[in-house]
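Peer 1: Once you have looked at the hints, place chain E on chain Z.
Sequences listed follow chains Z and E, in order.
For the first sequence, our numbering assigns the number 329 to the last residue and increments by one with no breaks.
For the second sequence, our numbering assigns the number 329 to the last residue and increments by one with no breaks.
Hints are computed from structural coordinates only; laboratory data are not their basis.
Incorrect hints may have been included.
In this list, chains with the same sequence are indistinguishable; a pair is considered to hold if it fits within one copy or across any two.
With a straight-line Cα cutoff of 20 Å, these simulated DMTMM-like cross-link-like pairs (lysine to aspartate or glutamate) come out [claimed, not checked]:
hint, residue 1, residue 2
1, K279, E199
2, K181, E67
3, K181, E60
4, K279, D256
5, K280, E140
6, K181, D52
7, K279, E140
8, K131, E97
9, K131, E37
10, K131, E35
2 protein chains.
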Amino acid sequence: MSGLEIEKYLAEMKELVDDALDKYIPPVNEFPPGIHESMRYSIFAGGKRLRPILVIASAETVGGRREDVLPFAAAVEIIHTYTLIHDDLPALDNDDFRRGKPTNHKVFGEAIAILAGDALLTYAFQLMTDPNLMNTVSPAVILSAANEMAKAVGSLGTIGGQVVDIQSEGKEVDKETIEYIHTHKTGALILASVKCGAILSEGNEAEMEALISYGRDIGLAFQIVDDILDLEGDEDKLGKAIGSDIENKKVTYPALFGIEESRQMASRLVERGISSLKMFGSRADVLRDIADFFVSRSF
Amino acid sequence: MSGLEIEKYLAEMKELVDDALDKYIPPVNEFPPGIHESMRYSIFAGGKRLRPILVIASAETVGGRREDVLPFAAAVEIIHTYTLIHDDLPALDNDDFRRGKPTNHKVFGEAIAILAGDALLTYAFQLMTDPNLMNTVSPAVILSAANEMAKAVGSLGTIGGQVVDIQSEGKEVDKETIEYIHTHKTGALILASVKCGAILSEGNEAEMEALISYGRDIGLAFQIVDDILDLEGDEDKLGKAIGSDIENKKVTYPALFGIEESRQMASRLVERGISSLKMFGSRADVLRDIADFFVSRSF
Chain Z
31 MSGLEIEKYL AEMKELVDDA LDKYIPPVNE FPPGIHESMR YSIFAGGKRL RPILVIASAE
91 TVGGRREDVL PFAAAVEIIH TYTLIHDDLP ALDNDDFRRG KPTNHKVFGE AIAILAGDAL
151 LTYAFQLMTD PNLMNTVSPA VILSAANEMA KAVGSLGTIG GQVVDIQSEG KEVDKETIEY
211 IHTHKTGALI LASVKCGAIL SEGNEAEMEA LISYGRDIGL AFQIVDDILD LEGDEDKLGK
271 AIGSDIENKK VTYPALFGIE ESRQMASRLV ERGISSLKMF GSRADVLRDI ADFFVSRSF
Chain E
31 MSGLEIEKYL AEMKELVDDA LDKYIPPVNE FPPGIHESMR YSIFAGGKRL RPILVIASAE
91 TVGGRREDVL PFAAAVEIIH TYTLIHDDLP ALDNDDFRRG KPTNHKVFGE AIAILAGDAL
151 LTYAFQLMTD PNLMNTVSPA VILSAANEMA KAVGSLGTIG GQVVDIQSEG KEVDKETIEY
211 IHTHKTGALI LASVKCGAIL SEGNEAEMEA LISYGRDIGL AFQIVDDILD LEGDEDKLGK
271 AIGSDIENKK VTYPALFGIE ESRQMASRLV ERGISSLKMF GSRADVLRDI ADFFVSRSF
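One chain only, chain Z, in its complex shape (with noise of 0.2 Å):
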């Protein structure tokens, strides 16, 4: 795809996941009072929407269709969404700002924070299993990708990499440890995004592999950036400052690798990424222009 067609592209799917996030997350006004609105402002607080729309990308990959896999989309993006408001909590890494905007605790108090943070989970988990919203897919098949996303993002996935991330901060770790918090913060929910999306549209065994090698690389590659980004990115373009993983004493490559190195690394994962799509020759373009925006991406 032209860089233009790319972008298009990535327009469009905004669009539409932002249409249903709008749809299914009940509305501001919706009782009991507070709760809704923080859910919707974290949500709306100007998220790219990269998760669903790896959701979207694998699933069209596999010849799935966008409008089958929609709800299952949304879910991720808010599943997403809870793990950063819960993160940004005083007694975890006690951040003000987020997309340029007060993180949801400085607005709504800590107690609604995190309850709208476990009301977003938990939605998630409503839309994955609703049966009515996605009845082109067979039950059996909703249900495994459920029953991934949720491994993905449990205590040996995201939560684990939040947890290693905490009791590392301030700490020289090795290149294992490192590798840990990101393919599990980061990472898992980024290949969970790949796999739900290929998983729905019935994906066969040789497809599954292919996109689970590109989506374990793009998701690491990913958060390599991201610690780039934070030592010499845009802050308006980013909505946030940069320099916070050296005041929260955050592991990062560029802190154990140097930032050209790191580069390098990131790089790398997503050449070696794309070249696992061969199979799929043109129908994988997307998720090949995907990656190359994951190294490219200046916000």
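Peer 2: Okay, now just chain E, sitting in the frame of chain Z:
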């Protein structure tokens, strides 16, 4: 059933549920350090396992088998435990003791307590969507039960009740508000336990209707009795200091109606709940006895 028989049944089911929880939840030493220890600490802090027992008893009442619903029953207890961990946090109820032991954040710190709660909630949905654990139940039925559970514990259910509870602290509220808090914060999960047992065992429409009436009534009765025990219970039996509702400025039934009237309300609810079970004859004896225990309990 005689008093001795129901005690034996409850003890037997508690052991069954405890064994399942021990089998399903990752071991203490599973990487990363701390998180599974924290999850297990609160899971095995001495609950009565009433909600999972309701799942089992409800399933058996409509002709189901306990082994078929056991993973789901365990998941319900896991959800209950996550709500306790998050409710106890300093930003919410700020409680130091629960079931006679220091609360999760007092032992593991706030960050791990928040993440342990998140991990338990996620793990509950992992269990509820595991296609291998409940392979005697059809995927469509499992999906429908998991969806029911998600609705019950989201922002329009359990979490909604918790939001209004927090927002009502120290205020004078009307009967409508306190009924909303109790039916949502506590009642929703009890009702969902009863419902899901019957959904998983494919109870018919009339059976579902009867069980819903029963579940709604005993759920509210349970919380009214909880309010009374917080005023005049035995601290040793309860495992926590009494008077915490007054200290936390919680709205309670005794505060609004007095102890005697509250006790009568709980009794009337349980009576009505039991009367909904007529169609089941002796098959619903366990559910009747559990309802009686709900009002007569001293812990």
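Peer 1: Evaluate each hint against the coordinates.
Peer 2: Hints versus structure:
no., hint, verdict
1, K279 - E199, "within (5 Å within a copy, 38 Å between copies)"
2, K181 - E67, "between (29 Å within a copy, 18 Å between copies)"
3, K181 - E60, "between (31 Å within a copy, 15 Å between copies)"
4, K279 - D256, "within (15 Å within a copy, 45 Å between copies)"
5, K280 - E140, "between (23 Å within a copy, 19 Å between copies)"
6, K181 - D52, "between (26 Å within a copy, 18 Å between copies)"
7, K279 - E140, "between (23 Å within a copy, 19 Å between copies)"
8, K131 - E97, "neither (31 Å within a copy, 49 Å between copies)"
9, K131 - E37, "neither (25 Å within a copy, 55 Å between copies)"
10, K131 - E35, "neither (30 Å within a copy, 60 Å between copies)"
The structure shown violates the earlier hints numbered 8, 9 and 10.
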